[in-house]
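For the sequence shown, our numbering gives the first residue as 1, with consecutive numbering after it.
Treat the hints as calculated values from the structure; they're not laboratory data. All values derive from a computational prediction rather than experimental measurement. Among these hints, one or two may not hold up.
[Unchecked claim] Quick list of in silico lysine-lysine cross-link-like pairs, DSS-like style, CA-CA up to 30 Å:
| # | residue 1 | residue 2 |
| --- | --- | --- |
| 1 | LYS273 | LYS263 |
| 2 | LYS263 | LYS319 |
| 3 | LYS304 | LYS273 |
| 4 | LYS91 | LYS240 |
| 5 | LYS31 | LYS91 |
| 6 | LYS360 | LYS304 |
| 7 | LYS273 | LYS240 |
| 8 | LYS304 | LYS263 |
| 9 | LYS319 | LYS360 |
| 10 | LYS319 | LYS304 |
| 11 | LYS6 | LYS91 |
| 12 | LYS319 | LYS240 |
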Amino acid sequence: TIHGSKGLEFPVVHVVGVNHDSIPGAIRPSKCPPPSGMVAGGEGSPDEIARAAHNEEQECLFYVAMSRARDRLAFYGATAKSNGTSRPLSKFLDRMGAVSRRSVTPSTTLPPAPDVAHIPVVFSGTPRFTSDAVALYESCGRRFLYTHLLQVGGRRRVSAFMLMHEAIREVYRAVISQGTASPDQCDMLLEQAFITHGLHEHGYVEDYRAMASTMLNYFLESRAGTLVEAAAALRITFDKYEVEVRPDEVLVRDGVRTLRRVKTGHATSQGSKDVGAAAFVLAARDAFPDAVVELVYLADATAKPLRLSDRELSNRHIKLGTILRDIRAGTFRAEASDMTCPNCPALFVCGAIPPGDLVKIF
1 TIHGSKGLEF
11 PVVHVVGVNH
21 DSIPGAIRPS
31 KCPPPSGMVA
41 GGEGSPDEIA
51 RAAHNEEQEC
61 LFYVAMSRAR
71 DRLAFYGATA
81 KSNGTSRPLS
91 KFLDRMGAVS
101 RRSVTPSTTL
111 PPAPDVAHIP
121 VVFSGTPRFT
131 SDAVALYESC
141 GRRFLYTHLL
151 QVGGRRRVSA
161 FMLMHEAIRE
171 VYRAVISQGT
181 ASPDQCDMLL
191 EQAFITHGLH
201 EHGYVEDYRA
211 MASTMLNYFL
221 ESRAGTLVEA
231 AAALRITFDK
241 YEVEVRPDEV
251 LVRDGVRTLR
261 RVKTGHATSQ
271 GSKDVGAAAF
281 VLAARDAFPD
291 AVVELVYLAD
301 ATAKPLRLSD
311 RELSNRHIKL
321 GTILRDIRAG
331 TFRAEASDMT
341 CPNCPALFVC
351 GAIPPGDLVK
361 IF
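Work out the full structure: start from the sequences and follow the hints.
Here it is in structure tokens:
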């Protein structure tokens, strides 16, 4: 900003938007103007005094902008609005003396964004994607491309808190694989997982261990008294494409089969609404029509049944088909976000793709 550049100097300064409606710009009238005669030395009405003060302040601001340049100074201003009406330049330019002026007709056609161009894809075999993969495509097609097709992008920086979650996942998966575990056995597994992930020497290891133990104790309690069945991959087909869903575990309690996905974090407002969750429900219904589908959130100590109405399932089914068709058509649009993009592993490679066909063997 002009204000922020005070005290600084640059070899070249470019000042854009130098129009009459920008600098000096329109005055914002005070909601409570001073009474006549209150401003010492003021001439005219309160409105005239305020306008003179505004113009003086804008002159100072313009001087700050132009005096930041050491060698070259360039001003830019549009001469017409989008509807064709005239847009005058700032009156301050006329007070600068001899200034070289040049009219430019800019090109109004932007080049296509790198992520808009379709990428020719050639799939060999039966294309198969996990429910998590299609959910990722729903949030950002470009990240899906880098993660699941090109398999590039590097890794994001992992904090100690994230390592704790990785340790928890390692433990509950070990418990699932062996069928059951006591709290003491779970603590031993957690201790080993902390060593594996380098958390055992962290300054807050006891705090992380307490959080992890609380989450894992809930996991053990939520499956107590159940019969554990082997979890197998479930698939749903969309025009020769397959979406694979793998429950974390299958439990039977009182004759009711429950297919569960376990998450270490907190529940989100969209966690049960994305296409990945819908694929889970659709695949479970095909394999076990009477089964219950459940999402377990260890950080919340809750297990939420995943229920979608017939209309919601129908809409998600259509959306899944659309996503798979877009993948086949080579459409991988980026969903730019100031919140999520900086944490994306593909941040520094996101952009244009080299020419040619993308060949993927399944």
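Evaluated hints:
1. LYS273 to LYS263: Measuring from Cα to Cα gives roughly 15 Å; hence the hint holds.
2. LYS263 to LYS319: Satisfied, since the Cα-Cα distance of roughly 24 Å is no more than 30 Å.
3. LYS304 to LYS273: holds (13 Å)
4. LYS91 to LYS240: Distance ~67 Å between LYS91 and LYS240 Cα, so the pair is violated.
5. LYS31 to LYS91: Holds. LYS31 to LYS91 sits at ~27 Å (cutoff 30 Å).
6. LYS360 to LYS304: With a Cα-Cα distance of about 37 Å, the restraint between LYS360 and LYS304 is violated, given a limit of 30 Å.
7. LYS273 to LYS240: OK: LYS273 and LYS240 at ~25 Å, within 30 Å.
8. LYS304 to LYS263: Distance of about 11 Å is within 30 Å: holds.
9. LYS319 to LYS360: holds (23 Å)
10. LYS319 to LYS304: holds (23 Å)
11. LYS6 to LYS91: With Cα atoms ~22 Å apart, LYS6 and LYS91 stay inside 30 Å; holds.
12. LYS319 to LYS240: Given pair LYS319, LYS240 holds - Cα atoms ~16 Å apart, limit 30 Å.
In summary, the numbered hints that this structure violates are 4, 6.
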